[in-house]
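Q: Read top to bottom, the protein sequences are chains A and B.
With the first letter of the first sequence counted as 1, position 194 gets the number 194 in the numbering used here; the numbers rise by one all the way through.
If you want the numbering used here, it's the 1-based position in the second sequence plus 289.
Calculated directly from the structure, the hints in this document are not laboratory data.
Glycine included, every Cβ here is placed at the ideal spot set by N, Cα and C.
Take the hints with a grain of salt, since some may be wrong.
[What the hints assert, rightly or not] Examples of chain B residues lying across from chain A (beta carbon under 7 angstroms, computed):
hint	residue
1	Met290
2	Pro291
3	Gly295
4	Pro296
5	Ala300
6	Pro303
7	Glu304
8	Asn457
9	Asp575
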Amino acid sequence: MPYLLVDRRRRSQWRRVVRAVRDGGASAVELGFPFSDPIADGPVLAAAGQGALRAGTGWSDLVDAVRDAAEVIPTAVMTYANPLFGRGLARSVGELAAAGAGGLIVPDLSWDDSAPWRRAAERAGLDLVQFAAPGASARRVARVARDARGFLYLVSRYGTTGRGAAAPRSPLAPIVAAAHRARPDLAVLVGFGIRDRAGARRALESGADGVVVGTALEEQLEREVTPEALGRWLRRIGPARRSGDAPERTPARSPGPAPRRPDRTAAPAAAASDGAGTGSDEAGRAAGA
Amino acid sequence: MPRRYGPYGGAYVPETLVPALVELERTWRSARGDPAFRAELARLASTLGGRPTPLYFARNLTRRAGGAEIWLKREDLVHGGAHKFNNALGQGLLARRMGKRRLIAETGAGQHGVATAMIGAALGLQTEVYMGVVDMERQAPNVERMRLLGATVHPVESGLGTLKDAINAALRDWIATVRTTHYLLGSAVGPHPFPSIVAEFQSVIGREIRWQSRRAFGRLPDLAVACVGGGSNAIGTFHPLIRSSVELLGVEAGGPSAASRGAASLVRGRPGILHGALSYVLQDADGQIADTESVSAGLDYAGVGPEHAWLRDSGRARYVAVRDADALRAFRWLAQDEGILPALEPSHALWAAVRAARRRPKDQRIVVTLSGRGDKDLEVVARAAR
C-alpha cells in the first residue's frame with residue numbers, strides 16, 4: 001500500500017497519480033494529511049509536510065483528494081491526532097467517510113487512548129487502524145489486534161519513517177504470530193523503513209500480509225516525475241509475495257463496509273521497493289509511511 | 290497516579306513509545322515507595338541542589354506596589370539557577386534505576402538543558418540536549434554551560450527553532466533509542482506518566498512554601514503566583530496548595546503586543562493534542578499548531594501541561610497573560626528594588642504579582658515563585674533597552 005501526501009500544489013495531477021499508483025500494482029492507497037508537528041515522520045516526510053502546509057494545504061484539500069482517490073482505489077487517510085480532534089472527532093471522521101475513505105490511520109494515537117476514537121470511527125463507518133511495534137508484549141499485541149479494524153499496522157523498527165538511523169531490527173515474527181492468533185482474519189501490514197526488496201521479503205517472511213511504502217514514493221514525486229513514470233516505477237519494483245501458504249487475509253473481512261465505501265482491500269501484497277543490488281537512489285530509500 | 294486530569298492528559302504517542310512509558314510508570318511507582326530512593330533524592334536535593342531554598346520578603350518591591358506583602362520563593366538559588374534541577378535530579382535517579390545509560394532532553398531557555406547536563410555528569414550518564422536554533426542564539430550562555438558540563442547540544446532548525454521544535458526532535462530521537470535512553474522531559478507536559486512525575490518532583494517547591502510561610506507569618510499565603518510555559522514550576526507551587534484555600538494564579542506569556550497570541554495557550558487556546566497530551570493548545574482551525582512569540586524562551590510554547598488545563602476549567606486556578614514589555618519592567622524593578630536579577634520567565638509572574646498586590650490590603654501575603662535567575666537573559670534585556 002503506497003502512501004501519498006496530500007499537497008495542494010499537486011492537485012491538478014492528483015487523479016493521474018492515483019490511477020498510476022493503482023496501475024502500478026497498489027491494492028489500496030494511504031493519503032497523508034500534513035501536520036505541523038509530525039513526531040513519527042522522518043526528515044523526508046516531515047519536510048514534505050511542512051512544504052505542503054506552507055503552500056496552504058488545508059482540510060478541504062484532503063476531502064477533495066479522498067473523493068478523487070476513492071473513485072479509483074480503496075483509500076485510507078493518515079494524519080496525526082490533532083487535525084482530527086481539533087475539528088471535532090465526529091465531524092472529521094464523518095467528512096472523511098462521506099468522501100469515500102474506508103480507513104483511518106493515526107500514528108500518535110496509541111491503543112490505550114483510542115476508545116472514543118474507535119466509537120466515532122465505527123459510527124461513521126471508518127476502519128480505525130491500530131499499531132503494533134517492536135518491544136510490545138504478546139498480550140498487548142493481542143489486545144490491540146482485537147480492537148483493530150481494517151488491518152494492523154506493524155511498525156518494523158525503532159525509529160521514524162524513511163531512511164533514518166539504522167536502528168537494529170527486532171524480530172517481527174512473534175508479533176505477527178500474536179496478532180494472527182488473536183485475530184486470524186486481520187491483515188498485518190508492515191511499514192517504516194523498509195528499504196529494499198530484501199527488507200520487504202523479510203517483512204513478509206515474518207508472516208505479515210503486506211507492506212506500506214511512503215518515503216520512497218514521496219521522493220519520486222519530489223523529483224517531479226510524471227504520474228505515468230511513477231506507475232512504471234511501482235510496477236518495476238513489483239508486488240512482493242509473501243512466502244508460505246498461510247490463509248489470505250484482507251481488510252475486507254472487517255465489519256461490513258458503509259454503502260458509499262468502495263470495497264476495501266489492502267491486499268496481501270503491496271508495493272515493495274526493489275533495489276537489492278541495484279543500489280539505485282530511489283529504491284535505496286524506499287520506506288514505509 | 291492519574292492518567293487524566295478531568296478530560297485532559299492521556300498518552301497520545303506512537304506505539305513504539307508505549308513500552309518505555311509503561312516501564313517509566315512502573316519504575317516510578319516502585320521508587321516513590323522505596324525509602325532508599327527517597328533518602329537519596331532528599332540527600333542530593335540538599336547537598337548538591339542547595340535545598341531548601343529561602344522564602345524571602347521583598348520589602349522594597351512591596352513598598353513599590355503599595356498593598357499586599359510580596360514574598361519570593363527563591364528557586365533561582367537552586368543549583369544551576371532554576372527549579373529545573375528538582376525534576377532533572379529525580380528523573381536522573383529514575384533513569385539510573387531503569388539501567389538507562391543515556392539521557393536526552395529538550396530545552397527552551399536552556400535551564401532544563403543545564404540541569405540535565407549537571408545531573409548527567411553527577412550520575413555518570415551520557416547527556417544530549419535538543420535546542421532550537423533561535424533559542425540557542427538568545428540563550429547563548431546556557432549553550433556554553435551545557436557544553437562545559439559535558440553534554441552534546443543538538444541545534445534544531447525545523448519549525449520556528451524554539452521549544453516545541455526541540456521537543457519534536459527529542460521525541461524522534463527517543464522513538465529510535467527508547468531501549469537504552471531515558472527522555473528526561475523538563476516540563477509538566479507530554480504523555481502520561483510525565484506530567485505527574487514532573488509535578489511530584491517539583492512539588493518540593495509548594496511543600497516548602499507551606500512550612501516556610503507558616504514559620505514566617507504564621508499561616509499560608511493568600512495568593513500564590515507562578516509563570517506557566519509548560520507549567521512545571523507552577524504545578525510544583527500549586528500542587529501542595531490545591532486542597533488549601535490559597536488562590537492560585539498562573540501567568541502565561543502574552544507576547545510583544547495586544548494583537549499577538551504570544552504563547553498563552555490557557556488564555557487564548559482551545560483543547561487539542563500536542564506532544565502526547567490532551568490540553569489547551571494554540572492552533573488554527575485545521576488543528577495545525579500555531580506559531581508563538583515571547584521575549585522569554587522558557588515560556589515560548591504553544592501547549593501547556595494537562596493538569597493546568599483542568600485547574601483552569603475547574604476554576605481552582607486562574608490564568609492571565611502578561612506582555613513582553615511588562616515582564617521587562619518587572620525584571621528591572623526586582624533588580625533595582627531587591628538586588629535580584631530574575632529570569633524573564635518569572636518576570637512575567639512578578640508583574641502579575643505586583644499588580645495583584647496593589648489591589649489587595651496590606652495584611653495579605655502573596656508568594657511568587659522566582660523560578661530562575663536572569664544571568665542568561667542579560668543580552669535580551671540589554672537589547673530591549675536599546
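Q: Each hint should be assessed against the structure and marked as holding or not.
A: Going through the hints against the structure:
1. Met290: Constraint on methionine 290 of chain B not satisfied, violated at 14 angstroms.
2. Pro291: 14 angstroms, violated
3. Gly295: 14 angstroms, violated
4. Pro296: 10 angstroms, violated
5. Ala300: 6 angstroms, holds
6. Pro303: Hint on proline 303 of chain B: holds, closest Cβ of chain A at ~5 angstroms, below 7 angstroms.
7. Glu304: Glutamate 304 of chain B check passes; min Cβ-Cβ to chain A is 4 angstroms, inside 7 angstroms.
8. Asn457: Cβ of asparagine 457 of chain B sits 5 angstroms from chain A, so the hint holds.
9. Asp575: Constraint on aspartate 575 of chain B satisfied, holds at 5 angstroms.
Checked against the numbered hints above, the structure violates hints 1, 2, 3, 4; every other hint is satisfied.
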